[in-house]
Every structure is written in structure tokens, then in C-alpha cells.
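Turn these sequences into a full structure, and let the hints guide you.
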Amino acid sequence: MIFGPILLLFIQLVSLYVFSQAQIPIKKYIVKILCLVLLCTTSFYVYQTSPARKYSGGHGFDYMNGYSSTDLSPFYPYTEDSQLVELQEPSTFTIENEKDMPILDGAEACYPVYSAIAKAVYKDIDQIEKAYSETEDFNYYNTNGKIVTFTNTSVGYTRLINGEVDMFFGAKPSKSQLDEAREAGVEFEYTPIGREAFIFFVNEDNPVSHLSTQQIKDIYHGDITNWQEVGGQNKDILAFQRPERSGSQAMMTYFMGDIPLKEPLQYEYISGMSGIISDTAQYNGEKDAIGYTFRYFLEGLHQEEDVKILSVDGVEPTTENIKNQTYPISTYLYCVTLKSNQKEN
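Numbering (the working numbering), first residue to last: 12 to 356.
It is worth saying that the hints were derived from the structure and are not from the lab.
Treat the hints with caution; some may be incorrect.
Subject to a maximum C-alpha distance of 20 Å in a straight line, what follows is the list of computed EDC-like cross-link-like pairs (lysine to aspartate or glutamate) [claimed, not checked]:
hint, residue 1, residue 2
1, 246, 215
2, 157, 91
3, 157, 137
4, 298, 215
5, 134, 100
As C-alpha cells, this is what we get:
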């Protein structure tokens, strides 16, 4: 929130300079300056305090230089008393030289996974990342790390395509990310590292606790629009989606198959001199809303409060049901690399 006072100070300094040089009537000049200050401060205030910022799509979040909606600091490789899972004995495979360490990036829910891998395999990675976090480069490059980086799915895949990172951890890419790779002349290689459930959730006060896969598809195609049609109250369904290039939205597209998603709910906010901006609205806790994400993102990272996870086709997304694949919407998470990457490690 320090940006606001800095902006005002900058405007005042510019105003004083222009005033000292200008040959225009004082009253007219003062009116123009006041209008400019009012426009800038109002736009900034509206954006900072509006639901648009809280539920913004893509980036502009509160953590990890705007890339994360969750505080991931407990999972930094250098955090004392971190929450990272550790091996009970030293890894049999280690990389000792910093220059040989593959650069990592990934989805928000996968950060604790690949950070733990680096902590176990990369020698002195805690010291390397701690030292880097205290340099000017840390904020200049805005990747939240030197080797264990984080820019989320939408930017992370682009960095992988451009050769800025060696490994991306997350779900399969979206169509636009596949197109981006094709245009760059590169191919992805997928190494499964685990299975995860793709879940749907509602407000805890919603009487609906179960949906079928077909009902979910009908809701997100726009055929079912009222909760009463699936055993709930006579309320319109607010079916929230995720930003296009996010891992959750890519998974939702795979789940829908040939059935197109209806137009997502939108929010609007004022963006300075650019006017009103529209973007994809995300789940906001409203009583009649439904949203989706990966199970660990909701349960492990504590993203949403007062929500209820729905069973699908009568099966709950428990750990056991994910393992035995009886939960109908589970998927692999991958370590994604480029086939053209010839680095040994």
C-alpha cells in the first residue's frame, strides 16, 4: 500500500515544477492539477479496496511478488522450521555444483513439492536461495528465487518454453500454452510425479453435497442454471471459473471434453488511465456459488474457508479414492521438461 503515498508525492513534485515553469492562469492550473490528483488517487483506491483486487484472475495477488494468493513462505527452501516434507535419511542422489542444478518453476499447489525436492537433492540450496533473496536481483527479476523459482502456471510455462527454466511442476498445459510451444518449435515431455483430485466445492451452507459428472458439465455449459434442478434451493447458480492459462482452467477444459464452457462470470475494476478492465471472476464465497480447484490447493494450502467439497458420482475425493482411481476426476501431476533440453541433470 506504499505505492499510493509515493504516487501522490510524485504528482506533487511534478506539479510544483510545472507551476514554476508555466505561464498559465493560476486558477486554471490548480483545477487541472486537482483533477489529475483526484483521478489517480480515486482509481488506485477503488482498485485496492474493491472485490476485483481480492478475487483478481491471473496475477496481482498478495504474495510471491503478485504470483500467489497464498503465503508460501513456510515452504521456502531456506525457511527455519519450514513445513517442507523431509527425507528420513540423506538422498542417494545429490547435485553439488550450483551451475548443474536444473532451474525449477511450477504451479502454486506444487511449490511445496518441488521446493522439498530441491531441499533434498541440491547441496546448500537453502544457503543459495537465502543469499539470493537478499540481493537486488531478487526483486529485479521477480521470479521469487534463483534456482527454486515461482511464477505460477501462466508465466511458468512461458519461461519453460523460452528456456529460462528446466523443469515445470504442475498439470498439463492449456491449449494456448501448447500453441505457444508449437510456435516456438519445442515439444513438452511429461514425467508423472503423482496423482491429484480435481474437486468442486460450494458454500458450506449449500444443501447440495453431491453432483454427477454430467450435472457438473451441464452447469458449466449453461444447461443447468438453478440449484433446484440438482436438489438444492431455488437459487441461481453462480458458476465461477479460473483464468484461461491457469492449471485449474486447463484441467476443467480437459474434463469438459467436447462440451464448451459457457462464458465465465466477469468482474470490472478501474485501472488508472486505462479505464474499466474486465477479467474472469473467481469463487468469492457467495452462498450460491460453485468453484473448482485441485484438492491440495484447497485443503493443504487453506485457500478457502467455509466451503464444502462435493462428492462426484457418489465418490468423495479422499486420498484412498485418488490412489485407487475410483474418484472420477483425478489426474497426474507432472514434471514437464523440453525434449530439446540436453542438460544431464
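How the hints compare with the structure:
1. 246 to 215: holds (15 Å)
2. 157 to 91: holds (19 Å)
3. 157 to 137: holds (11 Å)
4. 298 to 215: This hinted pair holds, its Cα atoms lying about 8 Å apart.
5. 134 to 100: holds (15 Å)
Violated hints: none; the structure is consistent with every hint.
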